[in-house]
Amino acid sequence: GDSVTQTEGQVALSEEDFLTIHCNYSASGYPTLFWYVQYPGEGPQLLFRASRDKEKGSSRGFEATYDKGTTSFHLRKASVQESDSAVYYCALSEGNAGAKLTFGGGTRLTVRP
Amino acid sequence: GGIITQTPKFLIGQEGQKLTLKCQQNFNHDTMYWYRQDSGKGLRLIYYSITENDLQKGDLSEGYDASREKKSSFSLTVTSAQKNEMAVFLCASSIQGERLFFGHGTKLSVL
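Going down the list, the sequences are from chains U and L.
In case it helps, my numbering puts the first sequence at residues 19 to 131.
In case it helps, my numbering puts the second sequence at residues 274 to 384.
Hint data in this document are derived by calculation from the structure and do not stem from the laboratory.
Remember, predicted model here, so these are calculated numbers, not experimental data.
It is possible that some hints are incorrect.
Below, computed lysine-lysine pairings styled on BS3-like, alpha-carbon distance capped at 27 angstroms [stated by the list, open to error]: (1) L/Lys330 with L/Lys343; (2) L/Lys314 with L/Lys343; (3) U/Lys118 with L/Lys380; (4) L/Lys314 with L/Lys295; (5) L/Lys295 with U/Lys118; (6) L/Lys344 with U/Lys86; (7) L/Lys282 with U/Lys86; (8) L/Lys314 with U/Lys95; (9) L/Lys330 with U/Lys118.
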């Protein structure tokens, strides 16, 4: 079945540091890829998505590029802020399965002021 | 805009008890989901429903029942609560898996 692997379970940075969270996926078809962010006490919300090879998704200074060759969708931000502290989830949706979304294990980002 | 409402926010049960969680959405979305959230394990799909009266099993359906009586509501039943179980259950809705909208969750504790 489909799966999503996030390498980092927790990341601790200082403000203005560069962020990378690694996401690799396994899927039989050509999935749509997503990044979701979850703030304390809330449900996850969509950060952005990409559905084609080499497509870049971006929002709020975060970005990721769909790479079919390496089956990756790594999240990056050039300069993090304390307000970026949250849990980040990579996810995929198989086109032919339609409705089913598979999530990775999540990465807790803590940014020190 | 719309909203997903989950009730209750906190649920405390006894071992072996049957417990029901409820979810309402006013987006008029066709598809609704129940996910379980455990620290370090991410979000795991329990059940989803692509239309009224439809049910599809996710990867974690054993030990749970679900019911989609109408388009706007989707309920989840823990058939027999396990001692010391603690998790957050998240309900979501979407249009065919394109961008999920989540509720704030129901936090379950079993004594």
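Evaluated hints:
| no. | hint | in the structure |
| --- | --- | --- |
| 1 | L/Lys330 with L/Lys343 | holds, 18 angstroms |
| 2 | L/Lys314 with L/Lys343 | violated, 31 angstroms |
| 3 | U/Lys118 with L/Lys380 | holds, 23 angstroms |
| 4 | L/Lys314 with L/Lys295 | holds, 23 angstroms |
| 5 | L/Lys295 with U/Lys118 | holds, 20 angstroms |
| 6 | L/Lys344 with U/Lys86 | violated, 36 angstroms |
| 7 | L/Lys282 with U/Lys86 | violated, 40 angstroms |
| 8 | L/Lys314 with U/Lys95 | holds, 24 angstroms |
| 9 | L/Lys330 with U/Lys118 | holds, 10 angstroms |
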